[in-house]
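Enquirer: Next come the chains, spelled out residue by residue.
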Amino acid sequence: MHIVVCIKQVPDSAQIRVHPVTNTIMRQGVPTIINPYDLFSLEEALRLRDAFGGKVTVLTMGPPMAEDSLRKALGIGADDAVLLTDRFFAGSDTLATSFALATAIQKIMETEPVDMVFAGKQTIDGDTAQVGPGICCRLGMQQLTYVQKVESVDPAKREIVVHRRSEGGVQVLKTSLPCMITMLEGTNQIRYGTMDDMFRAARADVRVWSAAAAGIEDMTRCGLRGSPTVVKKVFAPKARAQKARPVDGEGAEALAAAAIEAIFASQPKLESDLLKQSAGY
Amino acid sequence: MTEKFDAIVVGAGPSGNAAAYTMAKAGLKVLQIERGEYPGSKNVQGAILYADALEKIIPDFREDAPLERHIIEQRLWMLDDQSYMGTHYRSDKFNEERPNRYTIIRAQIDKWFSKKVKEAGALVICETTVTDLLKDAAGKVIGLRTDRENGDIFADVVVLCDGVNSLLAQRAGFRAELKPEHVALAVKEMHFLPRDVIDERFNVKGEEGVVIEIAGTVTSGMVGTAFIYTNGESLAVGIGCLVSDFKKTGETPYALLERFKNHPSIAPLLKGSEVKEYAAHLIPEGGYKAIPKVYGDGWMICGDAGQFVNALHREGSNMAMTTGRLAAETVVALKAAGKPMTDANLATYRRSLEESFVIKDLKKYKDLPEFLHKNTQFFSDYPNLLSKAAETWFRVDGIDKKTKEGQMVRGFVKARGWRGLLGDAVKLARAWR
Amino acid sequence: MSADNKPASSRAGMKKQLPEKFINYKHVWVFVELERGEVHPVSWELLGEGRKLADKLGVQLAGVVMGPPAATTRAAVEGSYRYGADTVYLMEDPLLTDYRNEPFTKAMTDLVNTYQPEILLLGATTLGRDLAGSVATTLATGLTADCTELAIDDEGSLAATRPTFGGSLLCTIHTLNFRPQMATIRPRVMAMPEGKDGEVSGGLIEVPLNMKEDDVITKILDFIADNTTNKAQLAYADVVVAGGMGLGKPENFKLVKDLAEVLGAEYGGSRPLVQKGWIDSDRQIGQTGKTIRPKLYIAAGISGAIQHRVGVEGADLILAINTDPNAPIMDFAHLAIIGDAMTILPALTEAFRKRLSVNRMAG
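So the sequences go chain by chain: A, B and C.
Read left to right, the first sequence gives residues 4 to 284 (this note's numbering).
Read left to right, the second sequence gives residues 255 to 687 (this note's numbering).
Read left to right, the third sequence gives residues 1461 to 1823 (this note's numbering).
Everything labelled a hint here was simulated from the structure, so no lab data went into it.
Using N, Cα and C, we set each Cβ at its ideal position, and we do this for glycine too.
Please note that a few of the clues may not be correct.
The list that follows gives simulated cross-link-like pairs (lysine to any residue, SDA-like), each with its CA atoms no further than 25 Å apart [claimed, not checked]:
#1 Lys525(B) to Lys1672(C)
#2 Lys369(B) to Phe202(A)
#3 Lys1672(C) to Phe202(A)
Listed next, with one range per pair, are the computed distances between beta-carbon atoms [unchecked claim]:
#4 Ala1531(C) to Glu115(A): 27 to 33 Å
#5 Gln1735(C) to Ala534(B): 51 to 57 Å
#6 Asn419(B) to Ala1600(C): 55 to 61 Å
#7 Val234(A) to Ile1677(C): 33 to 39 Å
#8 Glu115(A) to Glu461(B): 49 to 55 Å
#9 Gln1735(C) to Glu309(B): 42 to 48 Å
#10 Glu154(A) to Ala392(B): 52 to 58 Å
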């Protein structure tokens, strides 16, 4: 079984700073991490490989330093890595990104078939959850998002059964390979690579592909030109005219009492609703 | 792990990188293991880079190392609650082609240095913790154990560069537990300001930078210092005191930092800044007397792990890089001569340390830590006395100068007594020499 | 090397130059999410928002209903009129009984290609996001996810605003030169519109799906409903109490639950708490968790980063409990208690308990 896992290197958003004067994002010095949601998909792919044999290839589209994330993934246990990097990709939105990644996966398929593609549920910097479905659509695979559990895989019959999270419950779906899966967070425990994995990761020859090497011929479908969405404005939210009014009081009890007075003064109906509720209506 | 290395370096901070780089460059098979997510992630420093120490390892580091500002002005301030006395030294001579000191962002330099280490041919593994040293029946260190599966790795020598709280050295019995009076807890914040505001406020231009080292009542009578360093677009602001003093007074480092930032002479320097990043770290303060044995059968210790910090001059990172380099050179020489990494052979390392500024400076100030610890009047009485004296001297209010001088002297005598004053002077001179 | 093979400059594509083939794309469509006989309320919220957009553009608002031949599907059509749609595009087919990506994607793309809307909105539910991604890719158009605000700009383009860069800033995104302009919006971000009273009606365009079950590779084996006894009902709660990293330890989250209990409120937490495993992900409040619109929201030890802010801004009254008077949450909270959540929460719990039990004793 050959599984391709798409990952993304993202800034550790907890540490992003906004320049106090120019209001621009200060990326310098912000550590990068593998998009946390991708790790659950990577772990699931590794589990399937362990169960059925085969290999896991991690793929990412990014700047040259995205290679660090690929090595991290190799250190967790992936077998092979491909970095798709090219200045033509600058400014790619999700449509252009899924185009580039899908083409790269087709290139991989030229030498070895791909049975499944895994991707993260969404990224913490884009949050769109669109690239996985985009890749799937382009490759004509079966789309399985929000997967909670991979119930079973039959490599001979080329069938897979999954539990997919839906509103109010779980769908049990059966479909054929090849398929694209995004895993929900918390569905598995991400493994700690062995020392052999770490050595292998440090020494690995990561395949670095330019757009041309990945088989992309039409550059107008990449980068800014291939992106229908355009960011027109980036701004800080308007601070409300008045900041929160601090209540007065010495000590927790006084503060609590003052807060309750203020709340009910501004929301009298709330008080009567809560009273009714606590009286058991 | 069946693979064997010539040397394993534990830690990817300044001393670890210096050691790994030097050995790898000389063609040794080197493995470097870092506990943090990436080299430098566990480090906290002011920070000042001492070019001389790095030049001896990577002569052309200025080409691509991330450097903030080169320092042209040094200020030493003694603060009491409302005022400060200080000396400034500023020289255009520091605007030289190869400047002597720079302000840096520690994590960025570590990352850069690590890249160099990898390019030199060392294998660098991160996010892995070394749990124990492996010894043979005779007690010689033959490798180490990590927290990963199949994680025992063997080497001819293990170089411990794992920082001030090297639990590894402790566990292996090479070093006693850290004493609270031998270590300081320092906290710092990064205050972001536009480049031109920093230029104007500190009277610098281009890539010039200023360093302010501060002592006085800001440490509430505890032994410690504070600092402000100018980076390209931020100020590094920090304060630290001995852990034993914090324990005694019950003060928190963060409260100390807040009071420091609000000092009437400090607040204007920070005005309008946006605070991002808060960090804390331990700093070795024990000096010469706290240095453990730094070599043995199959092992060596460098950097903070060996307590190589000259607290008075705030020199730690240059000692780290220098000890790392000297340890590496010892190993390289032994390897070239086909000699084993025994206690006797590795003694060369200690000897080279003694011949360098590292031990020479630490020896010079060996009594200073204890002296300051026992004489906290330098952090409480004297700042106030000096301030009062200066105020008297500089206030022009109709009182004749002779009376003023008398007032100033009486102030000192009243607080410390003639004997005390003389004693302080003698003790200080002795500790200094 | 031809001009086409050079990377685009940074300002490329920033001007509206709608290609000929998209000139006639008109009207605002809202996908009406129908699953197991019920319409997800987000669809009504989006019709409310869609109405405003359509009015600004002077075009029609249409609901897109896909479902099985059943009374509930017809009820969804009626609901669309009730909440503002002028017209409904209806695809009724047994293949659309339960959600599967293939038939729904084909349905939506066929409709779009035939009837050419300029704007298509979907709720950012698991279904909506699964569908929107494949539809946008098939149509090769732009899709903006999890928008917190929609508007029409002076040139008649959809301006979709959403948080960016981990929530530090907001950005406004346009799909200038492709159609339809697609956007997903999370439940409760837009207000529920007032439904029309009495009889409602509107245009109806029924379209066949033209797909066979054999064409669909994914099969539904089962549906396992959730056990709802302990489930969070945050999105529609009137009072919500939440805790953030300011609580310090996971054990302290109990204080949040205690206060919630006294108030009969729902409880939740910020994203870091979920990531650390202190609470379940269905109790996450914020842009990537639940958006809430309670009458009263009490946030204890929460700093107030944008992704949290956009999840709670719709609350009528926000009380922030924090030791830092300059925390970002103070920019959008209404009331603040400057203090340690560990002491304030128990005090509030006690004070509310006394205040709300008076009546019971008297009555």
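Enquirer: If a hint holds in the structure, say so; if it does not, say that too.
Expert: Status of each hint after checking the structure:
Pair hint lysine 525(B) plus lysine 1672(C) does not hold up; C-alpha atoms about 70 Å apart against a cutoff of 25 Å. Proposed proximity of lysine 369(B) and phenylalanine 202(A) is supported: the alpha carbons are some 17 Å apart, at most 25 Å. Distance restraint check for lysine 1672(C) and phenylalanine 202(A): the Cα-Cα separation of roughly 52 Å exceeds the 25 Å cut-off, and the hinted pair is therefore not satisfied. The hinted range of 27 to 33 Å is not satisfied by alanine 1531(C) and glutamate 115(A), whose Cβ atoms lie roughly 51 Å apart.
In this structure the supplied range 51 to 57 Å is violated for glutamine 1735(C) paired with alanine 534(B), their Cβ-Cβ distance being about 23 Å. At roughly 57 Å, the beta-carbon separation of asparagine 419(B) and alanine 1600(C) lies within the given 55 to 61 Å, and the hint holds. The hint said 33 to 39 Å for the Cβ distance between valine 234(A) and isoleucine 1677(C), and at roughly 36 Å that hint holds. At roughly 52 Å, the beta carbons of glutamate 115(A) and glutamate 461(B) sit within the given window of 49 to 55 Å.
Between glutamine 1735(C) and glutamate 309(B) the Cβ separation comes to about 44 Å, which falls inside the hinted range of 42 to 48 Å. Separation of glutamate 154(A) from alanine 392(B) is about 56 Å and conforms to the stated range, judged on CB atoms against 52 to 58 Å.
Hints 1, 3, 4, 5 from the earlier list are contradicted by this structure; the remaining hints agree with it.
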